[in-house]
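Heads up: the protein sequence lines correspond to chains L and D, in order. So that you can map any letter, position 18 of the first sequence is 18 in the working numbering, and since no number is skipped, the others follow by simple counting. So that you can map any letter, position 55 of the second sequence is 631 in the working numbering, and since no number is skipped, the others follow by simple counting.
I should point out that these hints are in silico values taken from the structure, not numbers from a laboratory. No experiment lies behind these values; they were computed from the predicted model shown. A hint or two may mislead.
Taking lysine-lysine pairs in the DSS-like style, the calculated list, with each CA pair at most 27 Å apart, reads [claimed, not checked]:
{"no.": "1", "chain 1": "L", "residue 1": "Lys321", "chain 2": "D", "residue 2": "Lys578"}
{"no.": "2", "chain 1": "D", "residue 1": "Lys645", "chain 2": "L", "residue 2": "Lys339"}
{"no.": "3", "chain 1": "D", "residue 1": "Lys579", "chain 2": "D", "residue 2": "Lys624"}
{"no.": "4", "chain 1": "D", "residue 1": "Lys609", "chain 2": "L", "residue 2": "Lys83"}
{"no.": "5", "chain 1": "L", "residue 1": "Lys160", "chain 2": "D", "residue 2": "Lys624"}
{"no.": "6", "chain 1": "L", "residue 1": "Lys339", "chain 2": "D", "residue 2": "Lys638"}
{"no.": "7", "chain 1": "D", "residue 1": "Lys579", "chain 2": "L", "residue 2": "Lys321"}
{"no.": "8", "chain 1": "D", "residue 1": "Lys624", "chain 2": "L", "residue 2": "Lys202"}
{"no.": "9", "chain 1": "L", "residue 1": "Lys307", "chain 2": "D", "residue 2": "Lys638"}
{"no.": "10", "chain 1": "L", "residue 1": "Lys202", "chain 2": "D", "residue 2": "Lys638"}
{"no.": "11", "chain 1": "D", "residue 1": "Lys645", "chain 2": "L", "residue 2": "Lys326"}
{"no.": "12", "chain 1": "L", "residue 1": "Lys362", "chain 2": "L", "residue 2": "Lys286"}
{"no.": "13", "chain 1": "D", "residue 1": "Lys624", "chain 2": "L", "residue 2": "Lys329"}
{"no.": "14", "chain 1": "L", "residue 1": "Lys329", "chain 2": "D", "residue 2": "Lys579"}
{"no.": "15", "chain 1": "L", "residue 1": "Lys321", "chain 2": "D", "residue 2": "Lys638"}
{"no.": "16", "chain 1": "L", "residue 1": "Lys556", "chain 2": "D", "residue 2": "Lys638"}
{"no.": "17", "chain 1": "L", "residue 1": "Lys326", "chain 2": "D", "residue 2": "Lys609"}
{"no.": "18", "chain 1": "L", "residue 1": "Lys192", "chain 2": "D", "residue 2": "Lys645"}
{"no.": "19", "chain 1": "L", "residue 1": "Lys191", "chain 2": "D", "residue 2": "Lys645"}
{"no.": "20", "chain 1": "L", "residue 1": "Lys307", "chain 2": "D", "residue 2": "Lys578"}
{"no.": "21", "chain 1": "L", "residue 1": "Lys329", "chain 2": "D", "residue 2": "Lys638"}
{"no.": "22", "chain 1": "D", "residue 1": "Lys609", "chain 2": "L", "residue 2": "Lys307"}
{"no.": "23", "chain 1": "L", "residue 1": "Lys329", "chain 2": "D", "residue 2": "Lys578"}
{"no.": "24", "chain 1": "L", "residue 1": "Lys160", "chain 2": "D", "residue 2": "Lys645"}
{"no.": "25", "chain 1": "D", "residue 1": "Lys645", "chain 2": "L", "residue 2": "Lys246"}
{"no.": "26", "chain 1": "D", "residue 1": "Lys645", "chain 2": "L", "residue 2": "Lys321"}
{"no.": "27", "chain 1": "D", "residue 1": "Lys624", "chain 2": "L", "residue 2": "Lys556"}
{"no.": "28", "chain 1": "D", "residue 1": "Lys645", "chain 2": "L", "residue 2": "Lys202"}
DEER-style ranges, computed between Cβ atoms [stated by the list, open to error]:
{"no.": "29", "chain 1": "L", "residue 1": "Lys307", "chain 2": "D", "residue 2": "Glu633", "range": "42 to 50 Å"}
{"no.": "30", "chain 1": "L", "residue 1": "Phe129", "chain 2": "D", "residue 2": "Arg607", "range": "38 to 46 Å"}
{"no.": "31", "chain 1": "D", "residue 1": "Asp580", "chain 2": "L", "residue 2": "Lys307", "range": "30 to 38 Å"}
We treat Cβ as the ideally placed atom computed from N, Cα and C, and that holds for glycine.
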Amino acid sequence: MQVKDALLTKPDTQAGVMLTGSEILLKSLIEEDVTTIFGYPGGAIMPVYDALYNYSETLQHVLVRHEQGAVHAAQGYARVSGKAGVAFATSGPGATNLITGLADAMIDSTPIVCITGQVASALLGTDAFQETDVINISLPATKWNVQVTRAADIPQAVAKAFFIARTGRPGPVLIDITKDAQFELAEYQYKKCTALRTYQPKPALSNIAVLQAAELINQAKRPYILAGQGVILAEATRELIRFAEKGNIPVASTLLGLSGFPADHPLYVGYLGMHGNYSPNINTNKADVIVAVGMRFDDRVTGNVRKYAPDARIIHIDIDKAEINKIIKAEVAVHADAKEALELLTTYIGPKEHPEWIRSFKDLDEQEQRIYFNDCHPQTGKPKMGEVIRHLAEKTKGEAVVVTDVGQHQMVTTRYFPFKNPRTNITSGGLGTMGFALPAAMGAALERSERPVVAVIGDGGFQMTLQELGTIMQYNIPVKILILNNNFLGMVRQWQQLFFEKRYSFTEMSNPNFIKLAEAYSIPASKVEDRTQLSASLDEMLQSSGPYLLEVVVEKEENVFPMVPAGAGIGDIILE
Amino acid sequence: MKKDYTLEVLAENNFSVLNRMVNIFNRRRIRIKSITATELEDDYHRGKASFQLHTTEEMLEKARLQLDKLIEVERTVIIEN
Numbered sequence: 001m002q003v004k005d006a007l008l009t010k011p012d013t014q015a016g017v018m019l020t021g022s023e024i025l026l027k028s029l030i031e032e033d034v035t036t037i038f039g040y041p042g043g044a045i046m047p048v049y050d051a052l053y054n055y056s057e058t059l060q061h062v063l064v065r066h067e068q069g070a071v072h073a074a075q076g077y078a079r080v081s082g083k084a085g086v087a088f089a090t091s092g093p094g095a096t097n098l099i100t101g102l103a104d105a106m107i108d109s110t111p112i113v114c115i116t117g118q119v120a121s122a123l124l125g126t127d128a129f130q131e132t133d134v135i136n137i138s139l140p141a142t143k144w145n146v147q148v149t150r151a152a153d154i155p156q157a158v159a160k161a162f163f164i165a166r167t168g169r170p171g172p173v174l175i176d177i178t179k180d181a182q183f184e185l186a187e188y189q190y191k192k193c194t195a196l197r198t199y200q201p202k203p204a205l206s207n208i209a210v211l212q213a214a215e216l217i218n219q220a221k222r223p224y225i226l227a228g229q230g231v232i233l234a235e236a237t238r239e240l241i242r243f244a245e246k247g248n249i250p251v252a253s254t255l256l257g258l259s260g261f262p263a264d265h266p267l268y269v270g271y272l273g274m275h276g277n278y279s280p281n282i283n284t285n286k287a288d289v290i291v292a293v294g295m296r297f298d299d300r301v302t303g304n305v306r307k308y309a310p311d312a313r314i315i316h317i318d319i320d321k322a323e324i325n326k327i328i329k330a331e332v333a334v335h336a337d338a339k340e341a342l343e344l345l346t347t348y349i350g351p352k353e354h355p356e357w358i359r360s361f362k363d364l365d366e367q368e369q370r371i372y373f374n375d376c377h378p379q380t381g382k383p384k385m386g387e388v389i390r391h392l393a394e395k396t397k398g399e400a401v402v403v404t405d406v407g408q409h410q411m412v413t414t415r416y417f418p419f420k421n422p423r424t425n426i427t428s429g430g431l432g433t434m435g436f437a438l439p440a441a442m443g444a445a446l447e448r449s450e451r452p453v454v455a456v457i458g459d460g461g462f463q464m465t466l467q468e469l470g471t472i473m474q475y476n477i478p479v480k481i482l483i484l485n486n487n488f489l490g491m492v493r494q495w496q497q498l499f500f501e502k503r504y505s506f507t508e509m510s511n512p513n514f515i516k517l518a519e520a521y522s523i524p525a526s527k528v529e530d531r532t533q534l535s536a537s538l539d540e541m542l543q544s545s546g547p548y549l550l551e552v553v554v555e556k557e558e559n560v561f562p563m564v565p566a567g568a569g570i571g572d573i574i575l576e
Numbered sequence: 577m578k579k580d581y582t583l584e585v586l587a588e589n590n591f592s593v594l595n596r597m598v599n600i601f602n603r604r605r606i607r608i609k610s611i612t613a614t615e616l617e618d619d620y621h622r623g624k625a626s627f628q629l630h631t632t633e634e635m636l637e638k639a640r641l642q643l644d645k646l647i648e649v650e651r652t653v654i655i656e657n
């Protein structure tokens with residue numbers, strides 16, 4: 001008993017304590033305030049799992065059903081909390097199964113630390129059982145990675161990993177630890193990493209650049225803010241609101257920026273991009289000054305860059321210097337943390353009014369109203385995705401954490417759910433990873449238990465990671481799973497209809513009985529095929545205390561509009 | 577217009593750092609005409625790589641910024657040949 005108590009206390013950072021590499025790893029994670037680990041054991045990481053046996057009260061380990069589930073769960077955990085998510089996997093296939101999540105976290109700037117076991121150092125390069133060169137495989141999908149072959153090097157690797165993952169533009173880090181290092185005894189001493197000689201995560205804010213930006217904004221007649229995820233990562237929502245309000249500048253959001261500026265704010269004009277709102281896209285090409293904050297001018301946002309924002313002088317605020325001038329040339333580059341930059345910029349801009357400019361958004365919005373009513377208030381036919389999301393928004397008052405997968409349901413949810421609070425929109429943006437939502441929602445629900453966590457998923461994406469129903473069952477994770485089932489890979493089908501002469505090549509799906517599937521995992525479930533049942537079923541799902549699966553059979557061949565066709569300019573956005 | 581440039585990189589001498597650098601060029605299909613990489617004589621923890629590249633000025637600058645972003649990279653210098 002005494003031994004166990006001693007193990008559960010905060011780690012001893014004094015020199016002189018000899019521990020195994022595995023225990024050193026766990027104590028190091030505790031030093032970094034890790035409380036939850038998503039993982040899957042295997043041969044090359046068994047010493048770590050053996051050490052974990054004694055730490056079960058300090059470190060909650062969630063046994064997933066596939067390593068891809070672990071990494072996406074760590075992403076969901078990180079995205080709702082701002083903390084680094086942690087995933088464990090063994091060598092070989094365990095490690096390669098993490099790659100999709102690493103690539104997803106890399107492009108979506110999500111702080112995660114993945115720990116993989118590796119074969120013993122003497123076996124490296126021998127094609128030993130379950131040996132794979134995960135360091136080189138994960139190279140382009142990590143912000144940093146390192147292989148550790150000595151127990152004594154583990155604390156420094158962990159400290160560096162968390163520092164790199166969390167700071168600057170966040171991202172994924174992988175530590176690969178050989179099995180002999182996990183067994184080896186070493187002196188344990190932990191020192192947090194607060195700086196690295198060759199890495200400057202927080203650039204110094206240039207007063208001159210901010211003054212130049214303010215001058216452009218003060219002269220602008222049609223200024224426009226494009227807010228990206230950088231606002232959320234920098235915790236700059238309040239600063240963005242103050243900046244927008246002082247200059248009376250309309251604010252549009254990117255997909256990952258949603259929830260960074262409240263959707264019910266009068267200056268919020270909507271969502272940018274291929275399936276975003278009409279007015280924010282059209283008016284990008286009318287703006288005379290664009291202030292892009294923590295966004296990277298993704299091709300889904302810009303459409304054809306040669307036709308993008310022809311009249312605008314661009315101010316680009318970003319913590320990542322390589323993003324500035326990468327796609328769109330900036331007249332004023334503010335290489336800085338968004339919070340600091342917005343705070344200073346607000347002091348330099350004058351209070352302004354732009355009533356006609358702001359009204360122009362509302363006028364354009366009227367052209368989108370018909371789509372809204374068709375999607376969200378249909379009277380005939382099968383339920384539509386938009387009306388399901390409208391009901392969900394009304395019932396949760398926009399206060400839920402909504403996790404989406406990839407495809408039509410994702411675009412519909414992000415169009416119609418009014419995100420109000422930062423870190424409530426969790427989706428796979430840059431990589432577009434089908435199968436992301438279910439495990440990411442698990443991670444989110446374990447971290448943010450005070451809000452309902454609803455995973456909105458299509459029937460295709462759900463079947464990519466549905467094995468995680470087992471994890472949800474085992475830990476009774478209160479994820480509300482909302483499957484919008486059209487028995488199609490809907491977005492691909494939409495493109496086939498519009499651009500490939502309706503040749504529906506391998507997009508129609510015969511699906512299993514999702515309700516029986518949920519029942520097999522002891523998860524309560526119900527199915528809606530008629531809109532008269534929709535409201536009551538959503539109530540039942542939201543009022544349930546544990547996990548719940550609700551399948552809504554939606555219109556089979558519904559299209560998501562507006563839409564910027566591939567290769568077109570955003571000004572060519574089509575309404576039908 | 578594509579031209580020859582030399583890009584010199586000073587970095588920490590860790591495993592895979594050179595791979596990370598080469599990946600940046602490969603991903604952007606930048607032609608590498610030659611690579612020279614050495615440990616610093618007085619400090620083997622640090623190293624210097626010199627890449628002779630055939631690319632446009634714009635692409636070179638984008639690649640340089642990506643190299644600068646690598647955690648281990650200390651400094652990058654472009655020399656027009």
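Hints, one by one, checked against the model:
About 24 Å separates the Cα atoms of lysine 321/L and lysine 578/D, which keeps this hinted pair within 27 Å; it holds. Taking the CA atoms of lysine 645/D and lysine 339/L, the gap is about 21 Å. The hint holds against a cut of 27 Å. Of the pairs offered as hints, the one joining lysine 579/D and lysine 624/D holds, with about 23 Å between alpha carbons and a cut-off of 27 Å not exceeded. A distance of roughly 43 Å separates the Cα atoms of lysine 609/D and lysine 83/L; the hinted pair therefore is violated under the 27 Å criterion.
With a CA separation close to 23 Å, the supplied pair lysine 160/L and lysine 624/D stays within the 27 Å bound. Of the supplied pair hints, the one linking lysine 339/L and lysine 638/D holds, its CA atoms being roughly 26 Å apart against a limit of 27 Å. For the hint linking lysine 579/D to lysine 321/L, the alpha-carbon distance of about 24 Å falls within 27 Å, and the restraint holds. Pair hint lysine 624/D plus lysine 202/L holds up; C-alpha atoms about 25 Å apart against a cutoff of 27 Å.
For the proposed pair lysine 307/L and lysine 638/D, the alpha carbon gap of about 22 Å is at most 27 Å, so the pair holds. Between the alpha carbons of lysine 202/L and lysine 638/D the distance comes to roughly 20 Å, so the proposed pair stays at or under 27 Å and holds. At most 27 Å may separate the alpha-carbon atoms for a hinted pair to count; lysine 645/D and lysine 326/L meet this at roughly 14 Å. With a C-alpha separation of about 14 Å, the suggested pairing of lysine 362/L with lysine 286/L holds against the 27 Å cut-off.
The suggested pairing of lysine 624/D with lysine 329/L is violated, with an alpha-carbon distance near 31 Å, which exceeds 27 Å. This hinted pair checks out: lysine 329/L and lysine 579/D have alpha carbons roughly 22 Å apart, not beyond 27 Å. Distance hint between lysine 321/L and lysine 638/D is fulfilled; the C-alpha atoms sit about 10 Å from each other, no more than 27 Å. Proposed proximity of lysine 556/L and lysine 638/D is contradicted: the alpha carbons are some 44 Å apart, above 27 Å.
Simply put, lysine 326/L and lysine 609/D have alpha-carbon atoms about 24 Å apart, close enough for the 27 Å limit, and the pair holds. Note on lysine 192/L and lysine 645/D: the hinted pairing holds, with a Cα-Cα distance of about 22 Å set against a maximum of 27 Å. Taking the CA atoms of lysine 191/L and lysine 645/D, the gap is about 25 Å. The hint holds against a cut of 27 Å. A C-alpha spacing of about 25 Å is found between lysine 307/L and lysine 578/D, which places the hinted pair at or below 27 Å, so the restraint holds.
Under the criterion of a C-alpha separation no larger than 27 Å, the hint pairing lysine 329/L with lysine 638/D is consistent with the structure, at around 12 Å. For a cut-off of 27 Å, the pair hint linking lysine 609/D to lysine 307/L is broken: about 35 Å separates their Cα positions. With a C-alpha separation of about 20 Å, the suggested pair lysine 329/L and lysine 578/D falls inside the 27 Å cut-off, and the hint holds. In summary, the hint linking lysine 160/L to lysine 645/D is supported, as the alpha carbons are separated by about 16 Å, within the 27 Å threshold.
For the proposed pair lysine 645/D and lysine 246/L, the alpha carbon gap of about 34 Å is over 27 Å, so the pair is violated. With a C-alpha separation of about 8 Å, the suggested pair lysine 645/D and lysine 321/L falls inside the 27 Å cut-off, and the hint holds. For the proposed pair lysine 624/D and lysine 556/L, the alpha carbon gap of about 59 Å is over 27 Å, so the pair is violated. For the proposed pair lysine 645/D and lysine 202/L, the alpha carbon gap of about 12 Å is at most 27 Å, so the pair holds.
In this structure the supplied range 42 to 50 Å is violated for lysine 307/L paired with glutamate 633/D, their Cβ-Cβ distance being about 24 Å. Between phenylalanine 129/L and arginine 607/D the Cβ separation comes to about 39 Å, which falls inside the hinted range of 38 to 46 Å. A C-beta distance of roughly 34 Å is found between aspartate 580/D and lysine 307/L, which places it inside the suggested range of 30 to 38 Å.
Taken one by one, the earlier hints fail for this structure at numbers 4, 13, 16, 22, 25, 27, 29, listed in ascending order.
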